[in-house]
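Residue numbers (the UniProt record's numbering): 1 to 162.
Read the hints as simulated data drawn from the structure, not as lab findings.
Small disclaimer: the values here were computed from a predicted structure and weren't measured.
Even for Gly, the Cβ is constructed at its ideal location relative to N, Cα and C.
Treat each hint with caution, since some may be false.
[As the list claims (entries may be wrong)] Here are the computed distance ranges between Cβ atoms for each label pair:
no.	residue 1	residue 2	range
1	Phe89	Thr36	28 to 34 Å
2	Ser79	His131	17 to 23 Å
3	Ala40	Gly139	19 to 25 Å
4	Thr142	Thr83	49 to 55 Å
5	Asn138	Thr92	48 to 54 Å
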Amino acid sequence: MKTAALDACPKTCGLCCQTDAYDCPNVAYPRLDCSTITTAQCNSIVWRSIIATDCPSACGFCNEGGCVDAVVDCGTDLSICTTIGMQDFVNTYCQKTCGRCPSSTTYSSSSSTASSSSSTCTSYNADSSSHCADWVANGFCTNTFYTSAQRKSYCATSCKLC
């Protein structure tokens, strides 16, 4: 019965803390006391990223690989991920939803992680934008305003990103 409840309704059955999302070790020397973390901190723009890295088991972030959105509702409007004027916000607060996690983090979602160029690369993904030639000429491939994931997503071949 408990196994069925864990699979079907862990939150409403009061078993959240017994799922895989809460079953992982915290870092040896966290920046805060993991045992005192509150639900408000789990949802706080100030604390979420730190907790995901240092105390993932406290908020159910074990399956996130250290990358979470600092703002809990980034997924309500996915157009922000590609809106030019929102990139600073997205890169800071919506990394998980928009696939902007640093390449040093790992996570279990279907988003792809950023890759860097390599001299051993023999094949590149096709460019998804017809504007790559112009963008490359204007420095798109080296401009740090754009993440590696963005450059790879739009102009992998032109930027020579594996």
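Taking the hints in turn, this is what the structure says about them:
Distance hint check: the CB atoms of Phe89 and Thr36 are about 30 Å apart, consistent with the given range 28 to 34 Å. A C-beta distance of roughly 19 Å is found between Ser79 and His131, which places it inside the suggested range of 17 to 23 Å. Taking the beta carbon of each, Ala40 and Gly139 are about 43 Å apart, not inside 19 to 25 Å as hinted. Range check, Thr142 to Thr83: Cβ separation about 22 Å, and the 49 to 55 Å hint is violated.
As the Cβ distance of Asn138 to Thr92 is approximately 24 Å, the hint placing it in 48 to 54 Å is violated.
Consistency with the previously given hints fails for numbers 3, 4, 5, ordered from lowest to highest.
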